[in-house]
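Using the sequences and the accompanying hints, generate a full structural model.
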Amino acid sequence: MSTPTFSIVRPPPPSTASAPLSHIPITIPGSTIPTEDLSVRARGTLLSTTGSTRVLTATVAGVITRVNKLVMVRPLRAKYIPETGDVVIGRVTDLAGRRWRLDVNAARHAILLLSAVNLPGGIQRRRTYQDELNMRAFFTEGDLVSAEVQEQWDDGCVALHTRSLRYGKLSGGTFVPVQPELVKRAKKHFHRLDCGVHAILGNNGYIFLAERAEKEGGATTPEMRKMVARVRNAVLALDTEFIAIGPDTIMSVYDASIEEGVELRDMTRPDITAKICEGARSMRAAA
Amino acid sequence: MLSGAEKTYIEAGAAQGIRADGRGLLDLRPVTLETSLLPTASGSARVRIGGVTDILVGVKAEVVEPHVNAPDEGLMSFAVECSSLASPDFVGRGGADLNAELSQLLTRLYASSATRELRRGLALIPGRKCWVLHVDALVLDSGGNLYGALSLAVRAALRVVTLPRVVIIPGEADDDDEIEVNEEVFERLSRSEDAPVAVTLSAVGGRGIYIADSTSEEEACAKAAITMGVNLAGRACGAVSGGTGGVDMDTLKSMLKDAVRVGGDILKTTDSFLQDDIARMESGEEVEPVGFFS
Amino acid sequence: MRYGPLCRVTAAPKPKTSEAHKRSDGRTGWEELRPVFLKASFLSSAAGSAYFEAGGTKVFCAVHGPRAWASSSIDAVVHCEVRWAHFSGRREETRTAAGGERSRPSESATDEERELGASLARTLGTVTRVEMYPKSRIEVSALVLEDDGSSFAAVVTAAALAMADAGIEMADLTAAMTAAVVDGNVVVDPNAEEERRASGTVMVAYMGNVGKVTDLVQTGEMEIGQLAHAIQTGCQAATQVRGLIKACLEKQAGKVLKKRGRGA
Chain C
1 MSTPTFSIVR PPPPSTASAP LSHIPITIPG STIPTEDLSV RARGTLLSTT GSTRVLTATV
61 AGVITRVNKL VMVRPLRAKY IPETGDVVIG RVTDLAGRRW RLDVNAARHA ILLLSAVNLP
121 GGIQRRRTYQ DELNMRAFFT EGDLVSAEVQ EQWDDGCVAL HTRSLRYGKL SGGTFVPVQP
181 ELVKRAKKHF HRLDCGVHAI LGNNGYIFLA ERAEKEGGAT TPEMRKMVAR VRNAVLALDT
241 EFIAIGPDTI MSVYDASIEE GVELRDMTRP DITAKICEGA RSMRAAA
Chain X
288 MLSGAEKTYI EAGAAQGIRA DGRGLLDLRP VTLETSLLPT ASGSARVRIG GVTDILVGVK
348 AEVVEPHVNA PDEGLMSFAV ECSSLASPDF VGRGGADLNA ELSQLLTRLY ASSATRELRR
408 GLALIPGRKC WVLHVDALVL DSGGNLYGAL SLAVRAALRV VTLPRVVIIP GEADDDDEIE
468 VNEEVFERLS RSEDAPVAVT LSAVGGRGIY IADSTSEEEA CAKAAITMGV NLAGRACGAV
528 SGGTGGVDMD TLKSMLKDAV RVGGDILKTT DSFLQDDIAR MESGEEVEPV GFFS
Chain P
582 MRYGPLCRVT AAPKPKTSEA HKRSDGRTGW EELRPVFLKA SFLSSAAGSA YFEAGGTKVF
642 CAVHGPRAWA SSSIDAVVHC EVRWAHFSGR REETRTAAGG ERSRPSESAT DEERELGASL
702 ARTLGTVTRV EMYPKSRIEV SALVLEDDGS SFAAVVTAAA LAMADAGIEM ADLTAAMTAA
762 VVDGNVVVDP NAEEERRASG TVMVAYMGNV GKVTDLVQTG EMEIGQLAHA IQTGCQAATQ
822 VRGLIKACLE KQAGKVLKKR GRGA
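Sequence lines, in order, name chains C, X and P. With my numbering applied, the first sequence closes on residue 287, and no number is skipped along the way. With my numbering applied, the second sequence closes on residue 581, and no number is skipped along the way. With my numbering applied, the third sequence closes on residue 845, and no number is skipped along the way.
Just so you know, not all the hints are guaranteed correct.
Simulated DEER-style distance windows between Cβ atoms [to be verified]:
hint	chain 1	residue 1	chain 2	residue 2	range
1	P	839	C	47	28 to 34 Å
2	C	196	X	327	27 to 33 Å
3	P	651	X	507	22 to 28 Å
4	C	187	X	507	34 to 40 Å
5	X	359	C	11	36 to 42 Å
Derived from the structure by calculation, the hints contain no laboratory data. By construction, the Cβ of each residue, glycine as well, lies at the ideal position given by its N, Cα and C atoms.
Below, the structure written as structure tokens:
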């Protein structure tokens, strides 16, 4: 039985007011966005009429971003907006008919149709009546599932599929939700980190860390468990410090925490996260 | 909501003595504590555990008549509110039940002989006038170990409570004494160090395995739990069991010992942390409120 | 049914320089606002959050969602809950002091809290682009921690900031202000003592850029001319507060962008 210890800290001192970044076009809802071309606009904007003139108004607080002719406002705290091809982790909320509904950290639930799931017996096996009755045997309420966004429907709902062998129910690990914008779209979302821990980084900010990939057998050792815990705390530190989360930054924080001799239970202390994330931050700033 | 797989991972981890965040079974998450944030209150404190459980406590004092059963003691009343800020689920009947449960826990913690001297310190004219401390707690965010965070915030607030000095003016007859409240001079609450903290130990996984300061995920896996009020003297000041499943006798005895140990640790660490705040109170230094969330 | 904005306020004239009129909290102008302190994003678990403080009035607001919600309406539903905490001045009036017992604060909202919740929902419903979030629900929870006057106006302002913090699309930022008739004078941002003495008060929620009043709550007795003047003055003051929300969001943006390590 370990000796109980715990740490108390004061909240960090009031932040010294930094000079506003005047060169970054920050806007707020209701403010006019200067633009020549009113025909092409995207999220975060609204075309309104003031008197006889038509103006483009911002609808969120954020940074005005122009990509070619497209003008949009990127909100400061972005909610996850699913795009086809995204790799996500979802939690099953309910099932009915021939589909499951999953929470994917977006405004709408995602749908996973029975026909879009890998079933034992091969990919091309026909879905039987038996399958429909046994839906809970595949995924039940609360299960975590890795999947890919297949398509978006008109009403804003998103359809997922798990038609590749690497997708499916997740087990043998721990779930870590972070801010979605910290998980960039990349070639790979399934990683085996240098320390041996497997990480699935969902575009939707849902992350799963396991001590081994699904298919291998064997029990988890205490050493592996500690490594998973250290990776978990490293991910949360990156989330607190608002640094992009990828295999490189995770391992940077992981290694820094070991070098600095930071105990597992102290890694999430507000005064410690900044220190162990220094390397990761410069990694991303340089990129 | 947790998946069966996550529960298995948590339980297997507990069996090996390692929790998902790397803590040992009786390790506690980092705590952020600050006092004297509400200038209109006699004492206040805010406790955040692990960045996910957030409690604010304010204490207001008022002069009233003591209870007929305890004429030489003052009074304490507790009200806990789980705000909808923490979760929209805290609204309505479910929230009301939780509020009542938490308020009751605090009432129980402070009702025993362990805090009798504290209550006697609140008496002004026996049988006629005493202070009542209205302790109001607000749950801003809930991420596990509500009892622990709540009792810690209440204790921290009480440790920094100051009350105006009261002078007794003797009257003609015995029961004509009057009191005069001196709003210029303030004194600390006596015997505030007797305030207990609550330690919750939750049984997770196998027989004989339990954890302290559980997260919301761990609470979803826990079967039975014991919450015990612990004071500096190492005594139990109010305990309740929770959850389903029951605990065997040996494990229960072991839990009681560990609760006292963990509680003692919390009390000592908190008190040495609060030295600065208390010293400032004693010196009568004015605390400049810098805006609630500077 | 969606409520449209109530009336259009014509271009606000520059506020007249007020004569020095001493108010109970030391302010020297009828139109002088108390210093305001605003903070966004203080709750990590909510989509958006805001804290507003002016004088002794302290208000929190949290926004959860948008979450999927099966309902008959296509557009998003904005559901608001406004509560006064036990700490606040208002609830204390309902306490009994007999033997230290006090009436347990009612778990369900009082009628007044319900009415204000509905009022806030109307204001936010008008300004939020609900068509952008079909079949979902946005939950807004406001809590008045301490009440030293103008508390509902503080709630509306905090709610607007919390919504902006959550990144929910709105046509404009709403700010609100209370004006009260005290001793025959129209004073802005009354404190608790002034509110008690006032013969009438009016709270206005105002969309600064668009120039429309989205909510109006008037209590007590007021002459029509006074009411119109109070509304006008309230809206001018609300515009000042809107500027403060803007500054707060810009500061927040600066902090977030700095943290991201992107300087340019």
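Evaluated hints:
| no. | hint | in the structure |
| --- | --- | --- |
| 1 | P:839 with C:47: 28 to 34 Å | holds (32 Å) |
| 2 | C:196 with X:327: 27 to 33 Å | violated (55 Å) |
| 3 | P:651 with X:507: 22 to 28 Å | holds (25 Å) |
| 4 | C:187 with X:507: 34 to 40 Å | holds (35 Å) |
| 5 | X:359 with C:11: 36 to 42 Å | holds (40 Å) |
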